[in-house]
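Reassemble the complex: the two chains are provided individually, in unrelated frames, and hints are given to aid placement.
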Amino acid sequence: MAEVARVPDSFLPLTPAVFHILLALADGEKHGYAVMQEVEEMTEGKVQMGPGTLYGSIKRMLAAGLIEESDDRPDPTLDDERRRYYRQTGLGHKVLREETERMAELMALARRKHVLAGIGSRSILT
Amino acid sequence: MRGSNGVPAPVDLSVRLYIWLLAAYPGRFRAEYGHHMAQVFRDVCRRDYEHGGLPGMTSLWARTSLDLIRTTVEEHIERGLHMNHEKFVRWSGWALMGGAILFAAGQVIGNLDPNRNDPIGGGGASYEIGAIVGLALGQVLFVIGLLGLRAGYAERSGSLGGMALIVSVIGAGLSLAGILMMGVTESELAWQAWAIGLVAMTLGLAIFGVVALRRKVFSRWNFAPLLAAVTLLLPLSGLAGEWVSAVTVAAFSIGLVLVGFRMQAEAGISGEVAA
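Read top to bottom, the protein sequences are chains A and B.
Using our numbering, read the first sequence as starting at 1 and increasing by one per residue.
Using our numbering, read the second sequence as starting at 1 and increasing by one per residue.
A hint or two may mislead.
[Claimed, not checked] Heads up, simulated DSSO-like pairs for lysine-lysine below, C-alpha to C-alpha not over 30 Å straight-line:
1. A/59 with B/216
2. A/94 with A/59
3. B/87 with A/30
4. B/216 with A/94
[Unchecked claim] One-sided excerpt, in silico: chain B residues whose CB lies under 10 Å from chain A:
5. 17
6. 18
7. 32
8. 36
9. 39
10. 40
11. 41
12. 63
13. 66
14. 67
15. 69
16. 78
17. 186
18. 188
Simulated from the structure, these hints should not be mistaken for laboratory data.
Everything numeric in this text was worked out from a predicted model, so none of it was measured.
We put the beta carbon where it would ideally sit given N, CA and C, even for glycine.
Pulled out of the complex, with its shape left as it was, chain B reads as follows (with noise of 0.2 Å):
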């Protein structure tokens, strides 16, 4: 029994049903495989019913069935794995932005408090809440942003890199513990919760930065993960001032913001896969 083609009859009709069946996988692989998956199982569905005739091809698609089945939900899966992960590193290059934004804008208000430098005065604390939550809010971010940071790129930093975003990331939880302790309790532990982690945050992001830059972890703006990080440690190096202060806040912001854009911007472009 011959089709129109020329081509047995079941064998026709498998490679049709097969063809129609293909449409349950993802539509990017389908695009780029679904014809030369249909042209194997047409060879396959040849030489099955040439050997075996009908158990042959009853053998076939018992087989064929299993491995539809099996790499559809696999395809399925894997591209919505990628999907997240691309999602979330774009996502928390927008987290990195607001955070670096949001911790400018606490340090400015901090700063335009009168009775800053009055330990008893009492007329600035809407200045003073403001800072706090411009603070927390923001940092809040920066472990989602340094969380995406290490998703996104601790692959390509290395061991090194991927260690120092660890500790970035741990320092900036460490940080946020402490600014929210600060809300509850006047105790030195939560200031010192506050500094040893911004310490911290900021130690790992210059050694992930000097990794950046030898590394070429970015497409571009590899300077900016060390730009945050370097100007951030100028106060703890002994310098003092209100310009220090304003550098510092100015460049650690526009470095985060930069990293921030990039991890947006780079999200997508290629994904790394493993076999």
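Chain A on its own, in the form it takes in the complex (with noise of 0.2 Å):
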């Protein structure tokens, strides 16, 4: 059947993975591997996402038109041909931002409710 054009609201709430790997391209292009370092990277360490996550985010991705791939190499030669590179798309780029409003709405409202008072107290002891 023929791709359907969503409207960015209707991938909200994304998946942690979806999300992390957004990110992870939010900055440019990438390939599998250097997105799971990044993601590590950002979280920490505290996201770690198998092969298997990541590419079955990665298929569903391409699928939902959230990230295409790219056909340029950054660099040919440091790099192997057959690696995959991934990009953002235009509707990847809304999702991603309106998924951040969102969270961060919910962010305003915890913290209205003083949900983050004890968090915050104990983060600036430590």
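This is the structure we're talking about:
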């Protein structure tokens, strides 16, 4: 069946894996291992995706039009030609922005309810 | 300790084992991503072995095993759901075509009844039974076909098209209930249920038909739902006569056969996938 044009809202909330992959691709195209490394660095090792999670998510994101494969190679001499590079699409960028806004609104709500009061003071003390 | 290709033996062995375990994924997924998954695993293996030695590798295998089990199940379930969805849309396309043919056959048999205008005539019982069976079976297939139409095309029909298809399915169900009631009672309610259901089904189909024309929900023949619906509404507009009845039945059936044909032909060409 033909691909359906979906609005960014319809993807929310994103799964943690999809959110982190979109975030890793926010500053340029990367191959799978680079995405995995970036996610680990961003989260200080708290999020460690296995190859199955990474490529399962990539498959669904490609199908949904959130990311696309890139034919460009940053430096072909330094890289295995068979690696696939991925980059955000316009839709992927919008979805990431809307998800971030949604999370920011939740964060603001939690702050108003003083949910973070204890956590904040503890992190200041430590 | 180095393997034959200069790679540390634990890394080499781990990668070989991982490639062997990739066989657990569905074939299409493995063919598309297996090589890249093995490549990523090899990179992570090297890194963890260099930084953590054998304990690092053990930790990596613990994580990878969980990832492998979870995502293997996910991929198989997703593949199964996708296949079931495709199959349902395809078979409901055939159901819609069969329903249209039975509906037309029921109408033709009913019109062949020599006593159809005689309120006390009894000689045409077999015609009547034939007509009712044709209409009832046709209506059952309409319900299945319209459910499949909704399952396969609601998302690209927008909220209006999706709602119209729900109305159409409910109408078809109500009309079927009316036909079944006719078999056990001569209550006026049965006729009302059949008629109201048929009108609701047709109106829903007409609205979906307009949406189909505007949004091109089928790859071709987007006029078909509207052709089926509008012609069935002709008799309700006050027009009467044998020719109206014949044109109505023929156009309604042809319209639905075309819709059903598109459904079974387009099912599975490209799935609707959510991230």
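Taking the hints in turn, this is what the structure says about them:
| no. | hint | result |
| --- | --- | --- |
| 1 | A/59 with B/216 | 27 Å, holds |
| 2 | A/94 with A/59 | 19 Å, holds |
| 3 | B/87 with A/30 | 37 Å, violated |
| 4 | B/216 with A/94 | 26 Å, holds |
| 5 | 17 | 13 Å, violated |
| 6 | 18 | 8 Å, holds |
| 7 | 32 | 7 Å, holds |
| 8 | 36 | 6 Å, holds |
| 9 | 39 | 7 Å, holds |
| 10 | 40 | 5 Å, holds |
| 11 | 41 | 5 Å, holds |
| 12 | 63 | 6 Å, holds |
| 13 | 66 | 7 Å, holds |
| 14 | 67 | 3 Å, holds |
| 15 | 69 | 9 Å, holds |
| 16 | 78 | 8 Å, holds |
| 17 | 186 | 45 Å, violated |
| 18 | 188 | 43 Å, violated |
Comparing the model with each numbered hint stated earlier shows that hints 3, 5, 17, 18 do not hold.
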